[in-house]
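> These protein sequence lines are chains A and B, in that order. Just so it is clear: in the first sequence, position 127 is 127 by the numbering used here, and no numbers are missing. Just so it is clear: in the second sequence, position 23 is 23 by the numbering used here, and no numbers are missing.
Quick caveat, the hints were computed from the structure, so don't treat them as lab data. Possibly wrong hints are sitting among the right ones.
Computed cross-link-like contacts, DSBU-like style, restricted to lysine-lysine with a CA-CA straight-line distance of at most 35 Å [claimed, not checked]:
| no. | chain 1 | residue 1 | chain 2 | residue 2 |
| --- | --- | --- | --- | --- |
| 1 | A | 574 | A | 506 |
| 2 | A | 191 | A | 410 |
| 3 | A | 410 | A | 463 |
| 4 | B | 154 | A | 600 |
| 5 | A | 668 | B | 154 |
| 6 | A | 795 | A | 322 |
| 7 | A | 608 | A | 574 |
| 8 | A | 668 | B | 152 |
| 9 | A | 19 | A | 668 |
| 10 | A | 410 | A | 93 |
| 11 | A | 93 | A | 356 |
| 12 | B | 152 | A | 604 |
Model, not experiment: these values are computed from the prediction.
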Amino acid sequence: MTTTDNPPVQEIGRDRRRKEDRRLITGRTRWTDNQAITGLLHISIVRSPFAHAEIKGIDTSAAKQVPGVVGVYTAADIGADAVQLPCAWPITKDMKSPQRPALAGSRVNFAGEGVAVVVARSAAIAKDAAELVEVDYDELEPVLDMEAALADGATLVHPELGTNENAQWVFDSGEAGSGGSAAEAIAAAEKADDQVVVRRRFRQQRLVPVFMEPRSTVVDPTGEQLTMWSATQVPHILKTMLALTLGLPEHKLRVIAPDVGGGFGGKIAVAPEEVVTLLVAQKLGKPVKWTETRSESLLTAHHGRDQIQDLAVAVTKDGQIKALDVKLLADMGAYLGLVGPGVPILGAFMFNAIYKIPAYRFDCRNVFTTKTLTDAYRGAGRPEATFGIERMMDEVAVELGMEPMELRKKNWISHEEFPFTTVSTLTYDTGNYEAATEQAMTMFDYDGLRREQQQRRQRGDVKQLGIGISTFTEMCGLAPSRVLGSLDYGAGGWETSSIRMLPTGKVECVVGTSGHGQGHETAFSQIVADKLGVGFDDVEILHGDTQSSYRGLDTYGSRSLAVGGIAIVKAAEKVVEKARPIAAHMLEASEDDLEFTAGKFSVKGTDKGVGIADVALAVFAAHDMPEGVEPDIDAHATFDPENFSYPHGTHLCAVEVDTETGFVQLYKYVCVDDVGTVINPLIVEGQVHGGLAQGIAQALFEEAAYDESGTLLSGTLVDYTLPSAADLISFDTANTTTPSTTNPLGVKGVGEAGTIASTPAVVNAVLDAVRQYGVSDIDMPTTPYRVWTAINSAKGTSGRGDEADVASPGAGLGSTASDISKGDTQGGHL
Amino acid sequence: MARIRTTVDGLVYEDDVEPRMLLVQYLRERLGKTGTVIGCDTSNCGACTVHLDGLSVKSCSVLAVQANGSEVLTVEGLERDGQLHPVQQAFHDNHALQCGYCTPGMIMQSIDLLGDNPDPSEQEVREGIEGNLCRCTGYQNIVRAVQDAAQKMKPGAHASTSSSAAAPVAGGGA
Ligand code: FES
Ligand code: FES
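Pulled out of the complex, with its shape left as it was, chain A reads as follows:
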């Protein structure tokens, strides 16, 4: 029924199978590491085994003797020590920023930092020879604990900065005029009889993004333009930053992101290895490849999260939140990544979440340690904030003896109140938390599961049920340039698209986003097909090559559709407007009498018409143009969003906790997300599934742990435990739709939602299962050992024994609420 000749039914909203699949399922892929160029050389990087050390000397002589080795270079040999890798987000005017070299010259600041590079005929030879490079180190004391790092007399990661504090960033709604003073509200609550202050400390553990394709870079310096292929999310940013950082003429650079195997924020970088590959290629005048091993990737590609959160909520005893105070310590690691210091700051706007909080303070101190640097990882700042507030909502519910969903309902913005300007100054355009929640609770059978939970408690089952909630929103579609400017970010947040109308009626759509698994070629084709009335298969999406797509800000922050997709709409509108006078001329009609529908200009009230493809061909011939009209209907547009987009949703998780082993088994997971208008439901569902898996993995499985000497303990996939299919269950997902009013498609971002929402739902569920034994918190990941220990030490100390207090409403959550006392309540922490 669908032929390319007859543009069919509306494409937007269809569950189109993906265009990009064919090459990926047949192995006809173009990963960077697949590049084979005649004369290609390979590099291996010599890395420090120490977290903090002076480099006393490097002996490269043995490595140089190995047959097939072309060169062995220290940082100074290729100028890598003088490079200052860029940080694009100086969050405060006086932010402390260490020099971040491409290879360390005199001091290493984290285990895994590169100190030398071996160039050889093959990767295997380079790797062998790298083992022969002798580096003489003088070990320094590592800096591993954020609080200790900020104490007086602490060892300094970078002595030249005089401190381990990168910056302190504060938002106070009292000062901003967007609300009251949180400090005053909390002080007042402490004195009031009808209020309590709940304080908790949460740990956001360090994670690794673990994109499945290890990073890889090939640089070919032999052409007129130096060409870099890289497994990156940000070819455009990389190109501009390389030009700025290395003083290269930007027009002599071309960056290509070919097939890229996942990123999740982990490939938003100007990586030292990319620069080293380039420097070596330039020095030798030969094409050079670097491909990391997985262990190298875990050790040196940037990590994410890693915060200590001290939260305080003032709340009336009947559940009205009066104030929220947030104090964060955020571990930057040894250096600042491209947007690293700004990541926790994104959370500043999200701790207040979907709630009407009258007074709010956010205070974040970024800290240097001798660990791998942290930067964006799926959600970037917003999962941390969502975890903090959604865990806190459950804690408050426990303290008040309230049903946790009732507490949320009492405080959230109701659907009549949109647009709503929050205490952190964002204006949420649309949303309907009631609708998403109602649907989720029905799908979940919330009441039924609460009953089952009750029964298991009464029976004293070994496997206890826990139920966790997360009602989240997030800000995405990064970002309005004016907002980025106000946050001192080093670039804008617009996106660009160009549409080229080919003479045969086919369409090339060039985009500035750079997909790496999201299905852009499919979703964007659907948009173009609808807007121009051409066939889905007649559209080619061009991306990821700065030669075809010279202008763009790439893919992260759930921006590709909400910002990039709108640029496509704008470009398509311009195509139609450019084609209109030509169509009128062809039809010998007045422009005013033309209407454009389904790919055709027709004269209103007649059956006369020409298709957009006819106009493209007429323009190609250009034999008969209207007076003064250029023979060209191609168009280019840039869209700068006026606001973020605010997807939201309700996630409900049930877990079974084996009280004898501490093992947590997912039992049921339901989420209803509102991501606005859906272009392709198949892709949306896939994004949610993948996002959930990563958020759940933070709750249950993953942690990048260091030992006391600063060595990464989880440096292989044996120790950094990604979930396998057997660790997860099938999720029940659904959507409600309140279209965004700030963009013409009504879309909101979806790429990060699942990750942002799911972590607190799971941890809340785990705690809900074991609070009956007196457990008040368990650090993530909630491994069997931690859960077992928590149960047993709580049983040992609380004297509550196995017999749960099951009479209260909300079961587990109510069960420890019998002794709300006046004033502060401090949660125990394991």
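Starting from the known structure of chain A, fit chain B with the ligands onto it as the hints suggest.
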């Protein structure tokens, strides 16, 4: 150097290889079979999964010399006369891939799984692909795809894939 003779995706190859060369390196670097990829260095991820004499193996944990005299089937050898293998088709139909990096290994492992168990339950699929990591999909659509393929391949899933793998095709070394 050791001399090996293998059949890969129906073509016969003879090569001298270093004894330490891994099968995955041989496929990628010597034969240009870059459809098979490397995702780890500890045999955990399964991205490199191929069939060796009809059974799935992680080609990063097999030496090239161990494949001497054997038949290797990679994701690149699954299509028949331009027709996708039912498991490839099911991955497409069920949106079982996003970035696609795990996909070649997932598909090869899934075919092997269906050979052993032509009608697996959800849990059996989950356990059968446990050695293959995917960071994008949360596995749900992969599980769906494998079960969908199982339905479409009935009966005799294993027979059809192994016979196609074994179909001898004459060809010189590369
Ligand atoms: S590459 Fe990871 S298992 Fe083979
Ligand atoms: S689709 Fe990306 S790792 Fe599986």
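> Of all the hints given earlier, name the ones this structure violates by number, lowest first.
4, 10, 12
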